[in-house]
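Q: The primary structure of each chain is shown beneath.
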Amino acid sequence: MSASAQHPTHPETLSEHVQDATGESVFNCYQCGKCTAGCPLAAEMDFAPNQILRLLQLGLPGMEEEVLKSLSIWLCLTCETCAARCPQEVELPKIMDYLRQQSLKRGLVHPKARDILAFHQAFLDSIRKNGRLHEVGLISAYKLRTFHLLQDVLVAPKLLARGKLSLLPHGIAGKADVARIFAKCAAADAEAGRHEPQTDKAEQP
Amino acid sequence: MKVGFFPGCSLEGSAREYNESLQAIAPVLGFELSEVPDWNCCGATAAHTLNHKLALALPARILALAEKAGLTELLVPCSACYTRLAATRDELIHDEALRRDISSIIELPVTGRTKVLNVLDVLAACASDGLKDKVRKPFAHKVACYYGCYLTRPEKLASCKRAEDPQEMDDILRLVGAEPVDWAFKVECCGAGLSVSRTGSVAELSGRIVADAADRGAEAIIVACPMCHTNLDLRRDAITEKRQTPYSIPVLYVSQAIGLALGLSPRSLGLHRHHVPVRLPERPAPSPEPALQPSGPKED
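Each protein sequence line maps, in turn, to chains Y and C. Heads up: the first sequence runs through residues -8 to 196, numbered per our numbering. Heads up: the second sequence runs through residues 53 to 352, numbered per our numbering.
Calculated from the structure, these hints are not laboratory results. Incorrect hints may have been included.
Derived BS3-like pairs (lysine-lysine); straight-line CA-CA distance at most 25 Å [said to hold, decoys possible]:
| hint | chain 1 | residue 1 | chain 2 | residue 2 |
| --- | --- | --- | --- | --- |
| 1 | Y | K85 | C | K167 |
| 2 | Y | K175 | C | K120 |
| 3 | C | K120 | Y | K166 |
| 4 | Y | K25 | C | K213 |
| 5 | C | K213 | C | K184 |
| 6 | Y | K134 | Y | K103 |
| 7 | C | K294 | Y | K103 |
| 8 | Y | K85 | C | K213 |
| 9 | Y | K25 | C | K208 |
| 10 | C | K208 | Y | K85 |
| 11 | Y | K134 | C | K294 |
| 12 | Y | K85 | Y | K60 |
| 13 | Y | K85 | Y | K175 |
Chain Y with its partners taken away, still in its complex shape (with noise of 0.2 Å):
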């Protein structure tokens, strides 16, 4: 299996995709280990790390959406543990960026990647509204997205004690300035959809 080296013009496999948006070309993997050995949530992944690039190199219709299903992108941390490891320097934190942006694109979240996703979201909302992360309405705003109302109940009035939660947020002056940035770059990234295939159960984030 030969390594390309340079950009694909037209890119029609995942992994082709992958090279296209990251510049990082998973044929450079030769299938040490070494990702999966230090990732500290491996043992929880449905694919280990080095499993995902594999199923990448392989490149089968059906093997590219188990990749976007499963639930080993939602879980990789970005902590770059396996990047800073790697002998073969596949840079796979970018990898998964990429690989979690086309699974939200084509509707193959992961179920138990649910919460992961909606916290993310809110977190998103929150800056898209204010400018700057709140985080009393981060946290209310993931519990309605998921329902999970008592959790860390215990937790919010020991933060109040502390002086550590602040019930309205810091809005910014230039509130809409950040507005018209999220705007401009869910337009770029529809817009680089169109050339990605099967978008149409496209959800914006």
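Given chain Y's structure and the hints, the job is docking chain C onto it.
A: Below, chain C alone, put in the same frame as chain Y:
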């Protein structure tokens, strides 16, 4: 020394004691913090997980505002914010087309000329500028210096020289009287952004870190990241439940440990805001049982 300052969102809320302690030690150590006007959130894990361009544009607005304010160096105390700003700066510097594209998205010129510093960079500069002479009450405790992910990785963005066994924080703590222990979880991930959405996983990862620090005889864990602090301190009850062992070892920000050594009051450093009470033994003998801590070659 005047240095730009990007506190980031946590320092306004759950990590306000990190901000308080930095503001308290700055004048004593001779640096002035100049906050970036009207800064926004860096986007954190959420942005780079969901939208690549947004993950560059949000930090780019902060860098652009810092440039506009004439700041040549920017201290970013949160390690997670630090890596987002440093990564964005790196991409902007090396890609002119991207620079133009991002400039048009944020509607501000941005070059990436403002240098991004983490808290260890700034403290190392203070260390070579007479930190030792300013110590009033040596922080004579055994400490586990916890670096986590983004002070050491990715290597091209991190200033720590040894990715697997960094020494920068250990060296600074030694200068103020502490005795860093040799331990195995210096650069392991605490579970980071999954703290809310997957608390069980975070309790597992953070639990291993707390347990190893305590088992090696450390009296405090020293951190430099609000997310690490949240997971090791605020999530202690979840850790206790997971491991079925109570651990009382407190978690201090590096700025709090230095502040105590400078003779500042615990209250001005926000020590009362922690979940795990900060109870440190009063001045233990410098090295009670030296035989237990052989200074052999370090594992790498």
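Q: Hint by hint, say whether it matches the structure.
A: Okay, the hints, checked on the actual structure:
Among the hinted pairs, K85 of chain Y with K167 of chain C is consistent with the structure: their alpha-carbon atoms are about 23 Å apart, no more than 25 Å. Distance check on the hinted pair: K175 of chain Y and K120 of chain C sit about 22 Å apart at the alpha-carbon level, within 25 Å; holds. The hinted pair formed by K120 of chain C and K166 of chain Y meets the criterion: a straight-line CA distance of about 18 Å does not exceed 25 Å. The straight-line distance between the Cα atoms of K25 of chain Y and K213 of chain C is roughly 21 Å, inside the 25 Å bound, and the hint therefore holds.
Note on K213 of chain C and K184 of chain C: the hinted pairing holds, with a Cα-Cα distance of about 22 Å set against a maximum of 25 Å. Using a Cα cut-off of 25 Å, the hinted pair K134 of chain Y and K103 of chain Y holds, with the two alpha carbons roughly 16 Å apart. Under the criterion of a C-alpha separation no larger than 25 Å, the hint pairing K294 of chain C with K103 of chain Y is consistent with the structure, at around 21 Å. A threshold of 25 Å between alpha carbons decides the hint, and for K85 of chain Y with K213 of chain C the separation of about 23 Å falls inside it, so the pair holds.
With a C-alpha separation of about 20 Å, the suggested pair K25 of chain Y and K208 of chain C falls inside the 25 Å cut-off, and the hint holds. Between K208 of chain C and K85 of chain Y, the direct Cα distance comes to roughly 15 Å. Compliance with the 25 Å bound is thereby established for this hinted pair. Straight-line distance between C-alpha atoms of K134 of chain Y and K294 of chain C comes to about 23 Å, which keeps the hinted pair within the 25 Å bound. Pair hint K85 of chain Y plus K60 of chain Y holds up; C-alpha atoms about 18 Å apart against a cutoff of 25 Å.
Distance hint between K85 of chain Y and K175 of chain Y is fulfilled; the C-alpha atoms sit about 22 Å from each other, no more than 25 Å.
Hint compliance for this structure: every hint is met.
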